[in-house]
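My request is simple: use the sequences and hints to build the entire structure.
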Amino acid sequence: MKIESIENEIIEEFEIFGDDWEARYEYLIDLGKSLPLIAQSEKSDNLLIKGCQSKLWLKSSFDGNLVNFFADSDAIITKGIAALMIRVLNNQSPSEILSANLDFINSIGLKEHLSPTRANGLVSLIKQMKLDALAYKSQIVN
Amino acid sequence: MLAESKKNLFNHSTIRNDFPILSRKVNNRPLIYLDSAATAQKPQVVIDAVDNYYKFQNANIHRGVHTLSQEITIAYEEARATVKKHLNAAHAHEIIFTKGTTDSINLVAYSFGKKYVNEGDEILISSMEHHSNILPWQQLCDDKGATLKVIPINTEGEIDLKEFKILLSAKTKIIAITHVSNTLGTINPIKELITLAHQQNIAVLIDGAQAVPHLLVDVVDLDADFYCFSAHKLFGPTGVGVLYGKQKWLNEMPPYQTGGGVIKTVTFEKTTFADLPLKFEAGTPHISGAIGLAAAINYVNAIGINNISEYENELQVYATKRLSEIDGLRIIGTAANKAAVISFVVDGLHPFDIGVILDKQGIAVRTGHHCTQPLWNIYGLQGTVRVSFAFYNTIEEIDSFIVALKKAIKMLI
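Keeping their order, the protein sequence lines are chains A and B.
Under the working numbering, the first sequence is numbered contiguously, ending at residue 148.
Under the working numbering, the second sequence is numbered contiguously, ending at residue 449.
Some hints could be false.
With a cut-off of at most 20 Å between alpha-carbon atoms, the simulated EDC-like pairs for lysine to aspartate or glutamate come out as follows [as the list claims (entries may be wrong)]: (1) B:Lys61 <-> A:Asp26; (2) B:Lys443 <-> A:Asp25; (3) B:Lys150 <-> B:Asp178.
Hints were generated in silico from the structure; no laboratory data involved.
And the structure:
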């Protein structure tokens with residue numbers, strides 16, 4: 007599925023909640039709980055995303071075509087947001103990941119998590135996912 | 037009992053009307069502002085004072101012969117006199133306007149350090165200091181080859197007096213300690229600490245950022261050598277603060293920054309510096325800030341700082357009692373003598389998550405390490421949720437906060 011299609015799918019899912027912040031956050035919390043964990047032993051500092059109030063770890067792998075992401079956090083809302091990002095960018099090619107504009111975050115009422123004061127690291131997470139993709143892209147070229 | 041004594045102190049419906057921001061909504065809920073330890077809200081009189089300055093009084097101070105300049109110079113010096121009176125300092129020239137507490141501490145660390153601290157000397161701070169009362173001293177120690185020593189605290193979050201006495205030595209040049217902890221709420225027995233330090237001729241700097249908005253501070257009675265605070269935590273403007281210093285130190289210390297205003301005469305070969313306080317106020321100062329600060333002090337004094345202390349203590353005691361009813365909630369910092377600051381953690385929950393869900397309900401709290409990372413290493417925590425109160429908060433707001441917090445816990449667990 008294309009990144010944009012997944013984004014639209016998420017926007018539709020969130021539309022059901024309307025102005026109900028509680029339902030929206032409950033959904034996000036559930037997503038967080040369902041995110042596959044990264045094993046404690048693997049949570050080294052080099053997987054840690056900087057700029058977060060909570061701890062957020064990101065891991066990725068590449069099979070030559072598509073990128074796979076894994077994330078974990080000690081805060082459940084951060085995990086929920088990471089789960090959404092992974093749903094959008096998982097199993098995509100490095101080029102598609104790099105060109106994704108990820109506008110869906112604004113559309114689903116989570117724009118506040120992009121603000122610099124929130125410091126939950128969503129901005130840093132997106133940056134790191136794209137950096138990983140860039141590294142994998144350079145592998146293809148070489 | 038609570039409601040009754042509150043009524044005796046001041047009338048909340050009018051007090052809250054003094055603060056325009058308190059009537060706004062956040063996320064479609066009435067704002068409940070429980071983050072006054074980060075910055076306090078501003079009463080209309082402060083906003084008006086700053087507004088009036090830019091509309092009708094704006095000119096540079098200590099410069100022109102023209103009427104505006106003379107008027108604002110008088111107003112600026114009156115602001116200094118207001119601060120002097122508020123702290124009960126001996127002289128107005130012992131009051132230096134700075135950018136804030138951080139700037140005041142940096143000034144002392146630089147100037148006092150340059151003059152008095154040498155290789156092998158020691159500087160003493162406590163375990164509960166804000167980063168701004170750690171880093172300037174760390175830098176000074178690095179520059180001079182001095183050693184930073186740290187006074188331990190007990191599990192309640194109180195200074196270990198026995199250890200404090202042991203740490204004092206002939207090598208100790210200055211002690212920098214907070215009056216009130218911004219995270220634990222502990223009110224330190226600074227008068228006692230200063231007396232002990234002075235018995236060995238050691239200077240003491242007090243970080244009063246969290247104390248001045250809540251307590252009566254008398255620098256002469258405390259016998260503090262330096263006392264620092266920020267206007268914005270005292271319901272005044274941001275970007276301005278105060279350093280009180282005994283003149284015997286300030287006269288001897290070299291200027292921190294140099295430039296316009298700090299001089300008597302300048303040639304390319306040599307400069308003669310101005311007398312106090314101008315020696316430490318290089319450049320055009322934050323004039324509107326000083327004017328706004330004076331308005332804030334007058335506002336606070338009209339209510340009465342002792343009334344404020346008494347009422348805020350009621351809020352603190354009540355909030356502590358209500359928070360203690362929640363399963364799995366642990367209050368960090370349980371000193372016998374506390375200001376209106378409460379830090380807590382909830383088992384299994386991250387402070388960030390709690391903060392986000394409270395915000396959705398219109399409640400402003402602080403989450404994270406509160407710029408006291410070394411303290412959290414002692415407690416083995418990443419951070420806490422912190423609620424802090426001012427006199428404009430109410431018992432009803434605390435009740436609403438407790439309901440919102442219970443909801444957050446239910447959603448997150």
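Is it true that the CA of B:Lys61 sits at most 20 Å from the CA of A:Asp26?
holds (17 Å)
Hey, B:Lys150 versus B:Asp178, does the alpha-carbon distance stay inside 20 Å?
Measuring from Cα to Cα gives roughly 12 Å; hence the hint holds.
For a C-alpha distance cap of 20 Å, please report whether B:Lys443 and A:Asp25 respect it.
Distance ~18 Å between B:Lys443 and A:Asp25 Cα, so the pair holds.
This entry satisfies every hint, going by the numbered hints stated previously.
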